[in-house]
Amino acid sequence: MALKSRNKVSPNFNMSSMTDIVFLLLIFFMLTSTLVSPNALKLLLPNSKAKTLEKQTISVSINEELNFYINENQVIESNLENELKQILSSEDEPAIILHADKTVDIEHVVKVMDIAYRNKYKIVLATKPN
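Each residue of the sequence shown is one higher than the one before, counting from 1 in the numbering used here.
Mixed in with the good hints there might be a few duds.
To be verified - Using 20 angstroms as the maximum straight-line C-alpha spacing, the simulated SDA-like pairs for lysine to any residue come out as follows:
1. K85 / D101
2. K120 / E81
3. K85 / M113
4. K85 / R118
5. K120 / E83
6. K128 / Q86
7. K111 / Q86
8. K111 / L66
9. K122 / E107
10. K122 / E93
11. K120 / K102
12. K120 / T57
13. K128 / D105
14. K128 / N63
15. K111 / I76
16. K122 / S89
17. K111 / N71
18. K122 / L88
19. K111 / D101
20. K85 / Y117
21. K128 / S59
22. K102 / E65
23. K120 / S90
24. K85 / I97
25. K120 / V109
26. K120 / A95
27. K128 / T57
28. K85 / E72
Don't read these hints as lab results, they were simulated from the structure.
Turn these sequences into a full structure, and let the hints guide you.
Structure (C-alpha cells):
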C-alpha cells in the first residue's frame, strides 16, 4: 500500500512583497512630511555677508520707556500700523528692521512682528554682536 505524500508548506518566506509595502510607506511619509509647514511668524534673517540694499528699509525702535520710533520719529503705539502702511505703501518688498531694548517685554516686540505679519512686511530683528 502506497502512502500518499501530503503537500508540504514551504518554510521559505518571500520578502519581495514585504519590501514593496515598506518602500511605498516610506515614500508616502516622505511626501507628506514635506507638505507640512508650521504656522509661525516668518522672519528674514540677516546674511553673514555685507550687502548694499537697493530698497528702502524702515527702522522701528522700542526703547526702555516703551516709546516707539519709526526712523527716529516718535509714534504712538496705537498709530504704529497706520504709519507703517503710509510709509511702506509704495514699496514693492517692504522691509522693517526692528530694534528693541533688551529690557522691553517680549509682548511689545511680538506686537510689531504681528503688524508686519498681517501686512506681509519682511522683518529683521536687530541684535548687537557679542
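Consistency of the hints with the structure:
1. The suggested pairing of K85 with D101 is violated, with an alpha-carbon distance near 24 angstroms, which exceeds 20 angstroms.
2. Taken as a hint, the K120 and E81 pair is honoured in the structure, with Cα atoms around 12 angstroms apart against an allowance of 20 angstroms.
3. For a cut-off of 20 angstroms, the pair hint linking K85 to M113 stands: about 14 angstroms separates their Cα positions.
4. For a cut-off of 20 angstroms, the pair hint linking K85 to R118 stands: about 11 angstroms separates their Cα positions.
5. A hinted pair counts as satisfied when its Cα atoms are at most 20 angstroms apart, and K120 with E83 qualifies at roughly 15 angstroms.
6. At most 20 angstroms may separate the alpha-carbon atoms for a hinted pair to count; K128 and Q86 exceed this at roughly 29 angstroms.
7. Taking the CA atoms of K111 and Q86, the gap is about 18 angstroms. The hint holds against a cut of 20 angstroms.
8. Proximity of K111 to L66 is assessed by CA-CA distance (about 12 angstroms); at most 20 angstroms being required, the pair is judged to hold.
9. Taking the CA atoms of K122 and E107, the gap is about 19 angstroms. The hint holds against a cut of 20 angstroms.
10. Between K122 and E93, the direct Cα distance comes to roughly 8 angstroms. Compliance with the 20 angstroms bound is thereby established for this hinted pair.
11. A threshold of 20 angstroms between alpha carbons decides the hint, and for K120 with K102 the separation of about 25 angstroms lies outside it, so the pair is violated.
12. As the CA atoms of K120 and T57 are separated by approximately 14 angstroms, the hinted pair is consistent with the 20 angstroms bound.
13. Pair hint K128 plus D105 holds up; C-alpha atoms about 17 angstroms apart against a cutoff of 20 angstroms.
14. With a CA separation close to 15 angstroms, the supplied pair K128 and N63 stays within the 20 angstroms bound.
15. About 13 angstroms separates the Cα atoms of K111 and I76, which keeps this hinted pair within 20 angstroms; it holds.
16. For the proposed pair K122 and S89, the alpha carbon gap of about 13 angstroms is at most 20 angstroms, so the pair holds.
17. For the given pair, K111 sits about 18 angstroms from N71 by alpha-carbon distance, which is consistent with the 20 angstroms threshold.
18. For the proposed pair K122 and L88, the alpha carbon gap of about 11 angstroms is at most 20 angstroms, so the pair holds.
19. In summary, the hint linking K111 to D101 is supported, as the alpha carbons are separated by about 15 angstroms, within the 20 angstroms threshold.
20. Distance hint between K85 and Y117 is fulfilled; the C-alpha atoms sit about 13 angstroms from each other, no more than 20 angstroms.
21. Among the hinted pairs, K128 with S59 is consistent with the structure: their alpha-carbon atoms are about 15 angstroms apart, no more than 20 angstroms.
22. Between K102 and E65 the alpha-carbon distance is near 12 angstroms, which keeps this suggested pair within the 20 angstroms criterion.
23. With a CA separation close to 14 angstroms, the supplied pair K120 and S90 stays within the 20 angstroms bound.
24. For the hint pairing K85 with I97, the CA-to-CA distance comes to about 15 angstroms; that is within 20 angstroms, so the pair holds.
25. Using a Cα cut-off of 20 angstroms, the hinted pair K120 and V109 holds, with the two alpha carbons roughly 16 angstroms apart.
26. For the proposed pair K120 and A95, the alpha carbon gap of about 9 angstroms is at most 20 angstroms, so the pair holds.
27. Note on K128 and T57: the hinted pairing holds, with a Cα-Cα distance of about 18 angstroms set against a maximum of 20 angstroms.
28. Distance restraint check for K85 and E72: the Cα-Cα separation of roughly 17 angstroms lies within the 20 angstroms cut-off, and the hinted pair is therefore satisfied.
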